[in-house]
Amino acid sequence: MVTPDVALSLPPSAMAIYEQIRDLPIVSPHGHCAPEWFAEDKPFGDPAELLIIPDHYVFRMLYSQGVALRDLGVGVPKQDRDPRAIFQRFADHFHLFLGTPSHLWLAHTFAHQFGIAERLTSANAMAIYDTIDAALQRHAFRPRALFEAFNIAVLATTDGALDDLAHHAAIADSGWSGRVIPTFRPDNVLDPMAVEFARNVARLGAITDEDTAGFSGYLSALRKRRAAFQVLGATATDHAVLDLATEWLSPQDAAALFAKALQGALTSGEAVTFYGHMLIEMAQMSVDDGMVMQIHAGSQRSTNAAVYETFGVDKGADIPKRTDWVGGLNGLLNRVGNSAECTVIAFTLDETTYARELAPMAGHWPALRLGPPWWFHDSANGIARYLDQVVETAGYYNLAGFNDDTRAFLSIPARHDLWRRGVSLHLAQQSARGLMHADDTAVLARQLSVDLAVDAYKLGGM
Amino acid sequence: MVTPDVALSLPPSAMAIYEQIRDLPIVSPHGHCAPEWFAEDKPFGDPAELLIIPDHYVFRMLYSQGVALRDLGVGVPKQDRDPRAIFQRFADHFHLFLGTPSHLWLAHTFAHQFGIAERLTSANAMAIYDTIDAALQRHAFRPRALFEAFNIAVLATTDGALDDLAHHAAIADSGWSGRVIPTFRPDNVLDPMAVEFARNVARLGAITDEDTAGFSGYLSALRKRRAAFQVLGATATDHAVLDLATEWLSPQDAAALFAKALQGALTSGEAVTFYGHMLIEMAQMSVDDGMVMQIHAGSQRSTNAAVYETFGVDKGADIPKRTDWVGGLNGLLNRVGNSAECTVIAFTLDETTYARELAPMAGHWPALRLGPPWWFHDSANGIARYLDQVVETAGYYNLAGFNDDTRAFLSIPARHDLWRRGVSLHLAQQSARGLMHADDTAVLARQLSVDLAVDAYKLGGM
Amino acid sequence: MVTPDVALSLPPSAMAIYEQIRDLPIVSPHGHCAPEWFAEDKPFGDPAELLIIPDHYVFRMLYSQGVALRDLGVGVPKQDRDPRAIFQRFADHFHLFLGTPSHLWLAHTFAHQFGIAERLTSANAMAIYDTIDAALQRHAFRPRALFEAFNIAVLATTDGALDDLAHHAAIADSGWSGRVIPTFRPDNVLDPMAVEFARNVARLGAITDEDTAGFSGYLSALRKRRAAFQVLGATATDHAVLDLATEWLSPQDAAALFAKALQGALTSGEAVTFYGHMLIEMAQMSVDDGMVMQIHAGSQRSTNAAVYETFGVDKGADIPKRTDWVGGLNGLLNRVGNSAECTVIAFTLDETTYARELAPMAGHWPALRLGPPWWFHDSANGIARYLDQVVETAGYYNLAGFNDDTRAFLSIPARHDLWRRGVSLHLAQQSARGLMHADDTAVLARQLSVDLAVDAYKLGGM
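Chains as they are written, first to last, in our numbering: chain F, 191 to 652; chain Z, 191 to 652; chain C, 191 to 652.
If you're looking for bench data, these hints aren't it; they were derived computationally from the structure.
Honestly, I wouldn't trust all of these hints.
No copy labels: a pair is met if it fits in one copy or bridges any two.
[Unchecked claim] Derived pair list, reagent style SDA-like, types lysine to any residue, alpha-carbon separation capped at 20 Å:
no.	residue 1	residue 2
1	Lys232	Arg334
2	Lys414	Ala445
3	Lys505	Ala530
4	Lys414	Ala356
5	Lys648	Gly256
6	Lys505	Val516
7	Lys268	Arg279
8	Lys511	Asp433
Between the sequences and the hints, there should be enough to build the whole structure, so can you do that?
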């Protein structure tokens, strides 16, 4: 194995901790890999298709410096793309990533996955392209082989409520030992502001054989879908919300808003109210069926209208905004928060809420755990800020460990490695500052790397 | 004296500063100790009653991990409690405090107050219980003896406006040399949203022999009560406010809102308006009588309705929220803020306001001083963030030193010790970074430990 | 040259970087020096007039500790001032600046500009006064000589839209080689809340020979004024806004609001709407004429009414407030943000927006660059927080380098020196942490010191 180009370096005290956790299995309880990769186990495409075109972390940065998205292959059919030109363009701008976590992830991937010892430059771009391209033809770079080489114990995908889960069923039926499980993400049948909400709800009814024209049938349909996901191994649900607000409505009021939602007649305030109520319904179903509830709040999606109209969602223009967790979760936590059987994991993009809101809340409510630093914040400094700001008030045991939240499969080892390095650095500093003993650091390193995620997501013993 | 189990460790440069301040008297100008302890000087109760049951920092953490509050003795009459079982349960979960300031305070208390060299574990819990229990029977562990052993120069309690101050009078009459002084906290007669506001105001009238059915009698009654507190040594008032807003009303408008408040007829907006006006009245009385005004803003109290209904207030569910200091203090500061005789001390739980709002405001207004890191933030990192974020804009001399704000009497030395260590670390770093001279660090260490608090709270020379 | 009294000290790894950039020319693309200094090249006044009276960083701190502004010469006609007494008073309170950037800037100025090796104290105040006063009589301390001694490559001033630019024209005509350029700041003809808005717009019409009673004449007048600034070297516009909100209006709606604004009849909501529209008009003119657009948001001006009424603006009572950049720039960026030819530079006083909003936005929008840490935040910690919080998401190349934003001409070398030291420290740490190579640090040090500012402000090659 080649030494990576760049990686968060560790002083000896932190290295001693890191060496205890570096080779532990990867637990990935939240992410966006495609289940068909593991169902079909076909080779990945070319280097541009693998590393650049789907990764909004990567192309947003080049776009911000004037490179057109089409010139990076975004929105261009495969047959019209020139992957070598795309990769060359990426290499020509590689300096733009200096200081960013993408730089670390890419360097780690080049070094560890492809054995490339040189740094990517304009001059060696085509040689490196060829190295990667050749590797991708080999059996060792098929999805299942990589999954095993990465030592992944469990990988959760994210799947819409209307997804038929055929790929997950195929994985289960295949006899392959890899544990790839779905996650129930029902945003498009819960949030009345979703595109084609009424049509989605009708499809939900068709899939579950319930009459979703009425509110009670709608709830039954949701319960059935949760159960179907559980059959294929799901342990968690996932919910995105922009303006977090949860208030429990009477059954009559909820049903009335639902009826209006199906007609597309809700005001935007009513839509927020209805979605907030449905989040509580989900939380209550979690108490019943044991699924862990993840809430991601505060990402303003697709803020660039021109990019959205041409290229669609997930194109690097999702920007975090302020979030009020105290007010926003008030209704939900006062319904289910005192239940230790229920687990709600909160993810924020608003770091100001770490010490002010989320850590005190996680340090009180039995049901609440704090998710890891999310999205822009799973970086070296982001991890340090997170641990520095949440641990003093929440402790370690109210955290949910780490998850990589990525659709860039090859970066999974790099992301967990960065977290483990960050954790080791943090714990070594805690020990050096006199705040804990060396034997505490060993226990906590393992907790933060594996155990807390397993526990929070109810993934069973590892 | 035994070396504490864990404590913020200091490199030699910081240790050299710390050694100059470690043994200075403790000035505790804001806290929640009970004056009857010092009036009556009875032994404290058992270890659970002393260290666990009243400390919401402690039991909230165990509650967050599924331990029932009743199983910790919270809300259970003394005769129904098993203090040994409570202490065992606490010891069984002691790892939950890793990384939190409670861990440091408890470790310091065990080591320094009780000479316990071992770390608390499930195995030694009963032995440690016995050690503490035995110590509490000794005269040296009576409140006055501890007060003297702790080298406390002055300790301020917090007392409601309707409190008869009998315990304070008893202390004054006792001939004991310890300086324990009251603080005037009139929230329940100023804030119309307070429980039983009208009844409280009526009692205020009865106590002061004023007709508090009218606004001018109400103001006179408040002035009389302030004077009564001052007779017993009080130098400060204290005010909690959730949504900070201060606007000066005409006497007619204020009187009209007061009349409506007595009838319980204010809208919530009017209640905020009236309370904001009364905070300015308090500030103006401060200009007249010289009492220092403390404003604590931004704690959303009792956010867990079920816990509140069963166990009451102060049960670990008070969560910080965002605070607007620029807008919120605008009315008050434009009435009294240019008076250097007046001192207003602002406490925030919203760290985002340190550098953005409070430091610039304290660096401008003659009347304004910035209180120390409050509540969740008087931790090792919290102290570091505070000093890093406020000093560059406010300087050191616009700070109000430290206060422990605690009802956990035995933790007072630990809390001041952590502050003094944090200050020493900060100053040593400032010197190492070239930002000040060694002789500056000596002066500032003393200022931050003792002098600034004495000066801000008008406690006279030490 | 004398070693400065205090300065951010650098470990060897950072010093090695610093030595590569310490002597690079100063690029000062945004500030508040008076162009007449360089047009007339007269001696500066006495030490109090130079260092204390105009510097709100300095007198605000003394005011906060009870020194009257008049006793510092603020608001006092020159003939009525005693500059020696003012300087003595300043020296008597010099300890108040400990820990603040003013301390560093003043110490640097005393040491580097005036060769004063001693620290300012009450005892040596008059001797130091005499040293400075004597120096100011010498030709080497004339504005142009200092400009050259400071190695300033370019200095931008800030000039109102109605300014006749006579001083800039005089500089251009003088044959002097110093590059001093204006910046177009049209707040008082764009913001309907500005004092005497209608009269300002009428004067704009008179200056440009356009009929500014109508909206299209008003736009033409603005275009003409921009062009007039460009003729004298301006490359940028500058816009202050309190509550950032930008929404594109139809020409009819904009014209109607403009007509109402001239009558002083806008509601405050309409005034915000109109100003927001005009910011977009400015951005579109920038696309046409290539001027860089600077937006400074979130300073609540003159919060102390008594000080404002007596002494006017810029008296140390401008306090930062929260800013919503995602919502606030939405309208503007969706009109011009995808144009790489357009450059919008955003300055914030709300550090919570660094990682949450501005870095993600700058890492996406081609038109957006992030300005340096502003006002209270161009301090040692402020610089560190900025780099730590923005780089991971924005990278380095979406930053606009540094600017000093000062009216304190003698502090310009000190301010750029602090930035360069802060940058060197940051880059050395990045390298030590394994996050970049040594050769990257050399390139980035130069970029952050000079090149990014030149590029962002379109100042041509250096």
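20 Å Cα threshold - placement of Ala530 relative to Lys505: between (38 Å within a copy, 17 Å between copies)
Homomeric proximity label, Lys268 with Arg279: Cα distance no greater than 20 Å: Classified as within; 17 Å inside a copy, 62 Å across copies.
Same-copy or cross-copy closeness of Lys232 to Arg334 [CA-CA at most 20 Å]: So Lys232 and Arg334 pass the 20 Å test inside one copy only (9 Å; across, 71 Å).
Lys414 and Ala445: within-copy, between-copy, both or neither at 20 Å Cα: Answer is within; shortest intra-copy Cα gap is 19 Å, inter-copy 57 Å.
Intra- versus inter-subunit Cα pairing at 20 Å for Lys648 with Gly256: between (45 Å within a copy, 16 Å between copies)
Intra/inter-copy verdict for Lys511 and Asp433 if alpha-carbon distance must be at most 20 Å: both (9 Å within a copy, 16 Å between copies)
Intra- versus inter-subunit Cα pairing at 20 Å for Lys414 with Ala356: Within one copy only: 17 Å inside, 65 Å across.
Up to 20 Å CA-CA - Val516 versus Lys505, copy category: between (30 Å within a copy, 16 Å between copies)
Hint check: no violations occur; every hint is consistent with the structure.
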